[in-house]
Amino acid sequence: MVLTSVLAFALAGGCAVYLDLRSGLAISDVDTLLADRDDRPELPDDPFTGQPLNILVMGTDYRGEGNAELAGEGDEFHSDTTLLVHVAGDRSRIEVVSIPRDSLVDIPACPLPGGGESRARRGAMFNSAFAIGGGPERDLTGAAACTILTVEQLTGVRVTDHVVVKMNGVIGVVDALGGVRMCLPEPVRGDRHIDLDLPAGEQRLDGHQSINFLRARGGTGMGLELGSDLARIERQQVFVDAMLREVLAQNVITNSPQLFRMVEAVLASVSTGRGLASPAALAGLAWSLRTIDPAHIVFTPLPVTTAPSDPNRVVWLTAQADVIWARIIADEPPPVLVEPEPEPAPEAGGENDPIVPAGSESASDGGQVPGDVPDPAPAAPEPPPAPVRPGICP
1 MVLTSVLAFA LAGGCAVYLD LRSGLAISDV DTLLADRDDR PELPDDPFTG
51 QPLNILVMGT DYRGEGNAEL AGEGDEFHSD TTLLVHVAGD RSRIEVVSIP
101 RDSLVDIPAC PLPGGGESRA RRGAMFNSAF AIGGGPERDL TGAAACTILT
151 VEQLTGVRVT DHVVVKMNGV IGVVDALGGV RMCLPEPVRG DRHIDLDLPA
201 GEQRLDGHQS INFLRARGGT GMGLELGSDL ARIERQQVFV DAMLREVLAQ
251 NVITNSPQLF RMVEAVLASV STGRGLASPA ALAGLAWSLR TIDPAHIVFT
301 PLPVTTAPSD PNRVVWLTAQ ADVIWARIIA DEPPPVLVEP EPEPAPEAGG
351 ENDPIVPAGS ESASDGGQVP GDVPDPAPAA PEPPPAPVRP GICP
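The letter at position 105 of the sequence shown is residue 105 when you use UniProt numbering, and the numbering goes up by one with no holes.
It is possible that part of the hints are untrue.
[Unchecked claim] Simulated restraints, written as ranges between beta carbons of each label pair:
#, residue 1, residue 2, range
1, 120, 291, 41 to 49 Å
2, 323, 178, 16 to 24 Å
3, 310, 109, 21 to 29 Å
For the record, the hints were derived by calculation from the structure and aren't laboratory data. Ideal Cβ positions, reconstructed from N, Cα and C, are used throughout, including at glycine.
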């Protein structure tokens, strides 16, 4: 999901390629004829330069447009997965916060596609905001708008743009990458509802295996036996982490055939706002993110606890969650990426310091005895390495 919203969608967003796929325009490659011009920028400009981005990614369980073949017939229309993706203003890091679909929250009044607005709701399931906004028409624009309004009211974070991802979109994107490499600590098997049987160890998941790995809420392995949405969120984050590493390792933006497959897969499965749909914006954002360190893509769990009114629902721990939202608003790094404060140097004149007589040779040169080699200056502390997640290959 993060792949399509931040990296794959951006990395696959070269201006000429995007226009070719969107409008069928023929491309005249004039670069070789204009190579001597020195007044053109070498790299595309990022229109969001210096600005942090907050992109809300919604994975929907909507069964339309071929998705019933994956999940069976049904009338579902919810945000089955919701991620708030924060891209730092200096493009040095990405922080992702997953919002549990089973959270009990207050949903504001939302504009409806046919006019008017919905009524506000208290203590409703978070993923119902998507269905409320979509209305009877199941309009993706209205669904996204209501979910955005709900997130902004709950967090105080202003959403810059959004992406809605359909289930079959994951298959196309994964297959366009040639699969996603994962190292599973134990076998993962789905229940009777999910076609999933993965052995332990290193392997490459194809698109069909990937969507079932992401959807499963029953079975065994990687927390599946818990059967909860929270266990599924953890598994989804591991997969997204592995997928992002795949994109960065393959350097998709410089591989034209793979670039075409990726763009076709993304455009066939994503609904997005105007900001991310701009070819110029995508080209610039692609260059600004192309060198990001995979260790600086951080997944932050949202602090929750079991809802007093329903053991199958959760509520946010507001005081702890507010710390996360304040950090995102201020565009500050998560604690795992913060460099430790250097230890202060010991003060001179301590009880264990050697006493140097006044006027001695060692005192005149700062206390150093002739022939001694001065101690090297202490090295600057290294930032702590990001922890390796189970399922991520070394």
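Here is what the structure says about each hint:
1. 120 - 291: 41 to 49 Å: holds (44 Å)
2. 323 - 178: 16 to 24 Å: violated (40 Å)
3. 310 - 109: 21 to 29 Å: holds (24 Å)
In the structure shown, a violation is registered for the earlier hint numbered 2 alone.
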